[in-house]
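Asks: Line by line, the protein sequences give chains A and B. Sequential numbering from 12 applies to the first sequence in my numbering. Sequential numbering from 176 applies to the second sequence in my numbering.
What the hints contain is simulated information worked out from the structure, not anything from laboratory work. Watch out, some of these pointers could steer you wrong.
Label-pair ranges, simulated between beta-carbon atoms [as the list claims (entries may be wrong)]:
| hint | chain 1 | residue 1 | chain 2 | residue 2 | range |
| --- | --- | --- | --- | --- | --- |
| 1 | A | N49 | B | E256 | 39 to 45 Å |
| 2 | A | E70 | B | I346 | 54 to 60 Å |
| 3 | B | I229 | A | L34 | 29 to 35 Å |
| 4 | A | Q73 | B | F243 | 35 to 41 Å |
| 5 | B | V339 | A | G33 | 40 to 46 Å |
| 6 | A | E71 | B | V209 | 54 to 60 Å |
| 7 | B | H315 | A | Q73 | 53 to 59 Å |
| 8 | A | N49 | B | A394 | 50 to 56 Å |
| 9 | B | M329 | A | E63 | 50 to 56 Å |
Straight-line Cα separation of at most 20 Å, SDA-like style, residue types lysine to any residue; simulated pairs [to be verified]:
| hint | chain 1 | residue 1 | chain 2 | residue 2 |
| --- | --- | --- | --- | --- |
| 10 | A | K41 | B | L371 |
| 11 | A | K40 | B | F316 |
| 12 | A | K41 | B | L305 |
| 13 | A | K41 | B | A212 |
| 14 | A | K40 | B | K416 |
| 15 | A | K133 | A | E151 |
| 16 | A | K40 | B | M303 |
| 17 | B | K259 | B | F249 |
| 18 | A | K41 | B | F316 |
| 19 | B | K259 | B | A212 |
| 20 | B | K258 | B | A212 |
| 21 | B | K416 | B | V280 |
| 22 | B | K258 | A | L48 |
| 23 | A | K40 | B | V236 |
| 24 | A | K40 | B | M314 |
Glycine residues also receive a C-beta, built at the ideal position from the N, C-alpha and C atoms.
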Amino acid sequence: MPQFEQVSVFGSLIFWSLVSFGLLFFVLKKFAFPPILNALDEREKKIRGDIEDSERIKEEAQTIKVELEETLKAAHGKAETIVQLAQDEAKKVLEKNLQETEAKVRQVQKDAEQEIQSSRNKLLQEVRSYTAALTIASTEKFLKKALDDADKKKLVEESIEQVIEELEKRQNN
Amino acid sequence: MESPLHHFEVHTLIPIHIGGLDLSINNAVVAMWVGLAIVAGAFMLVVNRGISPIPGKLQSVLELVLEFISDLVFEFIGKEEGKKYVPFITTLFLFILACNLIGLVPGSYTITSQVAVTGAFAVGIFIMTLVIGFSKHGMHFFGILVPPGVPKIMIPLMVPIEIVSMLARPISLAVRLFANMTAGHTVLAVLFGLALTAPGWVSWMPFGFTVVINGLEIAIAFIQAYIFTTLTCVYIGDVIKLH
């Protein structure tokens, strides 16, 4: 087997392989490994940082979502309350207006009725007064003397004029 | 027919002798340099282009290798302690992988099929683990020879066993890589020899096998580099944690 027989080349093989290894080690350690290892470290850090950031952002988004949902829920509740209050208020106003209108109508009706009653009473009073006056005047004339038809007519005319004067007098008073 | 072990022979290309030492440059060394030049070239290309936050194809491959080895180191040595060993272990993995793979190119040479080379690395790593152990724990490092929970009466028996076990580590590390590379290439050489010498109507069979075995050898190149690296991490982790 040449690997055991060619003993004379052992020195050169060992020497050059160790020297070459040493040289390769020096070159790679000095120039190649540091930048590549740094790049790997930085990439690892960046990826880790990005993952942590995304986790954090996700948590923040979740918190914001929950807060928004709560705010939305509260706003919905508030809006419902406001609508309810407005409806209640509107109902109250409506009822109040209705009651006021009804009361007003009732008052107007009552006033009208009173006025009609008063006018009627007044009119009846007047008619009663006229009748009494007419009766008194007529009776007075009939009692004074027996008169012919022309006189009777004249007397009635006079009575009527007297009543009218009486009325005008009252009216003027 | 040529011996299937013939292609393991080393041929001197540029003779260099310094103080009685033969440091000649041979075909194995040149093949190794080509492999290492590809590795270093790939890294320097990526670095010179500028490391992009969004990696390209080559940068992705190199990052994958570094991350893979880093995870391996962190698993066996620990994250804090392991950080300083990542460059060494990664270079070791890339060195063995490049040497294993470049040897699969026809006409090239697998320097990891030389037991002298795998042995040198294994012994080097063994010595390194001893240095790390003593520098970290001082004389307490001898505690590694006594596994936890062993009754005191067993200690005289356990210590020699642990010493043998410790010494066997570099040997197994060296032999495993050398034997796997040698066996794979020998099988390939035998099959290819058969394909060349067999009659035309049957020669497609061994040739087909060489293609399949070559695919398998690529996988073995990765697996052996991975095993060598993993065991190195285990040994370093052992001396740091002391069991």
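Asks: Against the structure, test the hints numbered earlier, and report the numbers of the ones violated in rising order.
Replies: 1, 5, 8, 10, 11, 12, 14, 15, 18, 19, 20, 21, 24
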